[in-house]
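Visitor: Taking the hints into account, I'd like the entire structure generated from these sequences.
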Amino acid sequence: MESLICVVCGRSFHQGQGVTMELSGKSLEFHSKDCAYKFLRELMQQVDSDCVSGPVKRLLDNYEERRQEAAKQKQKKI
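If you count the sequence shown from 1, you need to add 42 to reach the numbering used here.
Hints are all accurate, no fakes.
Below are the EDC-like pairs computed for lysine to aspartate or glutamate, each with C-alpha atoms no more than 20 Å apart in a straight line: (1) K116 x E106; (2) K68 x E84; (3) K80 x D90; (4) K75 x E64; (5) K80 x E64; (6) K99 x E111; (7) K68 x E44; (8) K114 x D103.
Keep in mind the hints are simulated off the structure, nothing from the lab.
Guide: Here it is, written out as structure tokens:
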């Protein structure tokens with residue numbers, strides 16, 4: 043089994059565990075969700091707000107639609 047190294051803390055972990063993602067053509071491996079969150083939070087703080095305003099709005103709209111659909115399905119049908 044392949045051993046991976048967390049890009050945030052340097053801890054090694056086995057493939058199939060942790061969080062892995064592809065971003066800008068680079069494979070990012072994190073041993074835990076906390077390390078992934080720390081990396082993504084710092085990334086978002088460094089990115090120009092004009093670059094992410096469109097995707098943030100689309101994601102918020104998408105999640106709003108999902109919440110509305112879930113609420114409709116929870117309504118009691120008579």
